[in-house]
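S.K.: Sequence:
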Amino acid sequence: MKKTFQLQAEGKHPERLLESIKHDIRKYLKRERRRDVPDGADFWDFDCKFGLTEEDAEVMHLANVIPCIDNAVANQATQFYVELLAKPGVRTKRPEGAALARQERHALDGFDDLDD
139 MKKTFQLQAE GKHPERLLES IKHDIRKYLK RERRRDVPDG ADFWDFDCKF
189 GLTEEDAEVM HLANVIPCID NAVANQATQF YVELLAKPGV RTKRPEGAAL
239 ARQERHALDG FDDLDD
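Position in the sequence shown counted from 1, then plus 138, gives you our numbering.
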């Protein structure tokens, strides 16, 4: 998906338009994740870019796309550009020390029964 979304449309409430845009992005992600994963891959990963224009778009993690949209709306932008390209992803094994550190962090937060 490579698309420039307009945040102002005549006859449409801006909040409903924003929710519609977010819904379209989430619907695209769900549709892409339903596709069969190629051999040798574990999941669908996404290359993401976000910016107010296509030329200004910067690479970012998928989890940051929706907060960036909210930030653009808060700064009263009239449009923004989103690029989401699916690619096969392979899971990597977490280092042994990272799992221990994670368990210790959660134990301090009160999550004693956390299993990895």
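Note that these hints are calculated values from the structure, not bench results.
Computed from a predicted structure; not experimentally measured.
A hint or two may mislead.
Said to hold, decoys possible - Computed list of lysine-lysine pairs in PhoX-like fashion (alpha-carbon distance at most 25 Å, straight line):
hint	residue 1	residue 2
1	Lys225	Lys140
2	Lys187	Lys225
3	Lys150	Lys225
4	Lys140	Lys187
5	Lys140	Lys150
6	Lys160	Lys187
7	Lys141	Lys187
8	Lys160	Lys150
9	Lys165	Lys140
10	Lys141	Lys225
11	Lys187	Lys165
12	Lys165	Lys150
13	Lys225	Lys160
14	Lys160	Lys141
15	Lys225	Lys165
16	Lys140	Lys168
17	Lys187	Lys168
18	Lys165	Lys141
19	Lys160	Lys140
20	Lys141	Lys168
S.K.: Please write out, lowest number first, the hints stated earlier that are contradicted by the structure.
M.R.: 3
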